[in-house]
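Undergrad: Each chain is listed here by its residues.
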Amino acid sequence: MFERKRYEFVLRADTPLAHHQEVFGNAAQVFRKDVMQPDGTFAKVPYITADTMRHGLREAAAYALLDAIGMLDKATLTEAALRLLFAGGLITGGGAGAVKLDEYREMVALIPSLGLLGGCAMNRAIPGKMFVEDATLICTESEHTAPAWTLAASPPRNSCRSHIEETVRVRMDPSLDPGKRLLLTDGAHHGINQRLLASEAASEAGDAVEKRDAKSTMLPRSFETIKQGSLLSWSVEAVIQSDIENETFQMMIGAFLANAQVGGKRGTGHGRLSVLKVNDGYAAREVTLLRPSTSADVSTAALSLRGASVREHYVKNADRIRTMLSTVVA
Amino acid sequence: MAARRKKAEPAPPVAPAAVVVTAPAPLAAPASVSLSRDLGVVGDPCDPARAAPLRVTATLRGPVVSVPGLDSLLAYAVALLAGREPLTHGDAGPLVEIPILREPAGRFHLCSAPVYAEAHYETRHRNRRFPMAEAQMLAAPDVRRINIQNGATKSFRVPYQQVHLADNEAAWACVGDADRIRDLLRVVGYLGRQRGVGKGPVLSWRVEPIDPWPGFPVVKDGRPTRPLPPDWPGVTCATRSLGVLTYPYWDKTARVPCLLA
Chain A
1347 MFERKRYEFV LRADTPLAHH QEVFGNAAQV FRKDVMQPDG TFAKVPYITA
1397 DTMRHGLREA AAYALLDAIG MLDKATLTEA ALRLLFAGGL ITGGGAGAVK
1447 LDEYREMVAL IPSLGLLGGC AMNRAIPGKM FVEDATLICT ESEHTAPAWT
1497 LAASPPRNSC RSHIEETVRV RMDPSLDPGK RLLLTDGAHH GINQRLLASE
1547 AASEAGDAVE KRDAKSTMLP RSFETIKQGS LLSWSVEAVI QSDIENETFQ
1597 MMIGAFLANA QVGGKRGTGH GRLSVLKVND GYAAREVTLL RPSTSADVST
1647 AALSLRGASV REHYVKNADR IRTMLSTVVA
Chain B
29 MAARRKKAEP APPVAPAAVV VTAPAPLAAP ASVSLSRDLG VVGDPCDPAR
79 AAPLRVTATL RGPVVSVPGL DSLLAYAVAL LAGREPLTHG DAGPLVEIPI
129 LREPAGRFHL CSAPVYAEAH YETRHRNRRF PMAEAQMLAA PDVRRINIQN
179 GATKSFRVPY QQVHLADNEA AWACVGDADR IRDLLRVVGY LGRQRGVGKG
229 PVLSWRVEPI DPWPGFPVVK DGRPTRPLPP DWPGVTCATR SLGVLTYPYW
279 DKTARVPCLL A
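Order-wise, the sequence lines are chains A and B. Residue 1633 in the numbering used here sits at position 287 of the first sequence, and the numbers go up by one each step. Residue 203 in the numbering used here sits at position 175 of the second sequence, and the numbers go up by one each step.
Please note that a few of the clues may not be correct.
[As the list claims (entries may be wrong)] As a list, the in silico DSSO-like pairs of lysine-lysine whose alpha-carbon atoms are at most 30 Å apart:
1. Lys1611(A) with Lys1351(A)
2. Lys1526(A) with Lys1557(A)
3. Lys1611(A) with Lys248(B)
4. Lys1420(A) with Lys182(B)
5. Lys1662(A) with Lys1420(A)
6. Lys1623(A) with Lys1526(A)
Treat the hints as calculated values from the structure; they're not laboratory data.
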């Protein structure tokens, strides 16, 4: 079996996306990339990095594996196994001249997601066979780069600038609340009163240095988000060489997209993504690139169904996988 | 004030033991990749009767981090289709034959390095963070401390540069079998480094005949278009340095004196 298979999706931001590339002072800026325009100029278009999407897939695959072999409810992973499953592992040095191909083959056969995503294990770099792309905002500056069918599903109407929202939040200082100050010990209460008095005196005197030294820990900050409801174009491709790889690939995508959350501020609900629904189906397309060209609409429900045979594979090999994870060098 | 050093305690008496003199361990040779005919041959060499001067063009649909040689792309495709494991340092594997003619002495294939013009550079970063949240949930009790400043669990943020090519195109010149090259290149969907995160996406491949020039395809206007052995004829302007003559080009232990552009 040999296939190059790609899935293309239109994703919708169910909540604002706070995926930040840099912080200037107290202001965080969302990731933007240069997109070449038809006239040769460049525009900065917001996007979710491929690294983030890829990590989401890796994490989904790792949780599916641990769940199937009964290791999700127990704290039993070694540091190396944790690093291998959730961060791809690393070459730990020593013995690099004596890597064993049979160990590599067994590992990839037991955990097909390792063969797809690649990583480092047993002092061996495993090149991946999966190519994950950025999830790029669909807007007038990026429409010429998105697959044509995605534009039919969601024609862009706005410039990328109109998809960005700047939000201001404040981390409060609980010591400014008299009610909460009553909860303090006498010494701490006295200390805070002294600081507040010093701050007030400095304000009245216009003493900037003293005011700075006595200021509260209240922290106003601003951050950009990609607005709720914005659409993004995303694709993921893999070289598939067996049925179990094919099913693992689909299971990873299904598991990730069933509960996708990307970027920061997840604790306040930011970053939820889902596949756009169009009529009764999903805005998604499966493209088999190497075999006689075919394309078909797929639904994430169909993707997740494939997970059953992957789970069966994991359950059947649970003991060997557990042994491998307990001894892996990664 | 300097801290007082604790005085070393005298070592406990030990029974005299026979002195064993061991020879110093020999220095390990750098691990190299060895592609050997002794381990078999994967793929078919180019049939000289079907070989023609060609220009191979990749049209990209995004930026690329590096553009590899056409011969290594074809070798990757041949090995992948044959179901061979990817090789790494210290491995030995079979010889990989591709549908590009070898030079008369068989040291490398007759194809140029990629030719392209850069339109725009962009800096991106690669991050790694230890999965701390998962460690708190899933790590065994004996994993007590995670040092994210040093060692295996260290986090990093490494910059790299990606380039948008002019006209989104990279091209190679070669002497080979057009049909077989076309077939193999259908396997190659992404070029260069950072493919896993979608860098170097290929929109289409074009393989077309080209009028050869003197020295085609490895010398143009007296300059080498790829690393060449020092005895290669027709080179009038080149830098002499160390280079790798054939794939895998990342194997720096295979460097030999070469003529470079």
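Undergrad: Against the structure shown, which of the earlier numbered hints fail to hold, in ascending order?
TA: The structure breaks hints 1, 3, 6; every other hint is satisfied.
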